[in-house]
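Undergrad: As a plain string of letters, each chain reads:
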Amino acid sequence: MGVVFVVIIGLIFLIIFLLISPDTDSERENAFLIESKLASLTANIISDSSIKIKECKYASLPYMLSYCLTDESYGECSSSDLVDLGGESYCDAALIIINDTLLWPIFAEQFYNYSMILSYQNGTMIKSISNGECTGERFSDRYPIVTSGSGTTLNLDLALCR
Amino acid sequence: MQKCRAVLQSTKGQTRGVETIIAVVFVIIIIVILGSIIFMESSKRALDKAKDNQLTYVMNSVENFLNVPELKCSYFGKLCIDAWKAKAVSSISEEDVEFRSYIRRMIGIDAELKLVSLYPEEESFLFINTTSGLTDYSLTQVIRLPVVIENDTNEPGIGFGYVEVRAYLR
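Protein chains in written order, with this note's numbering: chain A, 15 to 176; chain B, 141 to 310.
In case anyone wonders, no lab produced these hints; they're calculated from the structure.
Certain hints may be false.
Okay, derived cross-link-like pairs now, BS3-like style, lysine-lysine, Cα gap no bigger than 27 Å in a straight line [claimed, not checked]:
no., chain 1, residue 1, chain 2, residue 2
1, B, Lys254, A, Lys51
2, B, Lys254, B, Lys189
3, A, Lys68, B, Lys189
4, A, Lys66, A, Lys51
5, B, Lys225, B, Lys212
6, A, Lys71, B, Lys254
7, B, Lys254, B, Lys225
8, A, Lys66, B, Lys254
9, A, Lys68, B, Lys254
10, A, Lys66, A, Lys141
11, A, Lys68, A, Lys141
12, B, Lys212, B, Lys227
13, A, Lys66, B, Lys212
14, B, Lys191, A, Lys68
15, B, Lys218, A, Lys51
16, A, Lys68, B, Lys212
17, B, Lys191, B, Lys254
18, A, Lys66, B, Lys218
19, A, Lys71, A, Lys141
20, A, Lys66, B, Lys225
21, B, Lys254, B, Lys218
22, A, Lys68, B, Lys218
23, A, Lys141, A, Lys51
24, A, Lys51, B, Lys191
25, B, Lys227, A, Lys51
26, A, Lys51, B, Lys225
27, B, Lys212, B, Lys254
28, B, Lys227, B, Lys189
29, A, Lys66, B, Lys227
30, B, Lys189, A, Lys51
31, B, Lys152, A, Lys51
Isolated chain A (complex conformation) (with noise of 0.2 Å):
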C-alpha cells in the first residue's frame, strides 16, 4: 500500500517537473537574439567601405577582400606586422585584420568559437577562417558584401557557436 502510494506521488511529481520544465524555445529564441545582433554588426562593419586599413594603402575590407577572387598579386600591403604574419597580398592581410582584430575579440573573448566563410553567390568557397570547432548550439546567417571595385558581391557566412 505504501509503495504504491509513495509510486502515484512520484509520478504527480514527475508531471510538475515535466510541466516546469525549461522553455528551451524560449531560451533559443533568446540565444538566438543576441548572436543575430553581434553576427550582423559585425558583418556591417566588414562590408563597410568607408573603414580604410591604413597598412594597406588605405583600401577597404569589401575592396581587400575582392583579391581574394583573383590570383594577382598586385595589391600589397605595406605593414611589416601584417607581412610577418603572411598577409602581404591584400586577401590576406584583410583575412587577418577580420580575424585578428575584429571576430576574435569581439567573440573568441566572449566564450564563442566563430567561423566565417567568404564564398561566391553560386556557393564555391573562396577563403574561411575559424577558431576552433563547433560542437554546442550554433546560430549562422548569411550576409552579402558587395565588393568595392569589381562591384561583385560575395557572399560571408558568420557562424557562431558555443
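Using the hints, position chain B against chain A.
TA: Then chain B, alone, in the frame of chain A:
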C-alpha cells in the same frame, strides 16, 4: 491459550501500527525531498530565464541608446559611435546626476558602458556608468556590441571596435 492469542493479536496490531507510522514518515520524507528538488530546479530555471530575457532587453535598450544623435556619427546610418561625442557625454554624465539618471532610465538597468577601439588604434574608455556604488549585485553580465567608431584624431578617421556593456543585475 486464549490469553496467548490475545497477546499475539495485540503484538500484531502494534507492529501494523508501527509499520503504518514508518510508511507515513517515509512518504512524507519522499514528498519533502522531491518537493525541495523541484523547487530548487524551478527557481534556478526561472533565474536563468530571467537572466536571458534581461540580457536581450539590455542589448536592445543599449543599442537604442547608442543610436541617439548625441552619440551617433554624423555620416553613417548603421551603429556608429563618434568618439568625441562619447567623451563629451562621459564628462557630462560624470558631473550631472540628473543626466546620469536619465541615461539609467533609457538603458533600464545599472550598467557600465566602455567604448573599446580595436582599429586603427587600440584604446578604451568608460563613457557611461549608471551604477550607484551602494547596491550589492548578484549577477554581472557582459556583452560586446561591435560598432563602427569615428575618431578624427586617428588616421584614418573611421575604424571599428565594440561597446562593452557590463550589466549589473540584482
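Undergrad: Could you tell me which of the hints above the structure violates, numbers in ascending order?
TA: As far as the earlier hints go, 3, 6, 14, 28, 31 are violated by this structure, in ascending order.
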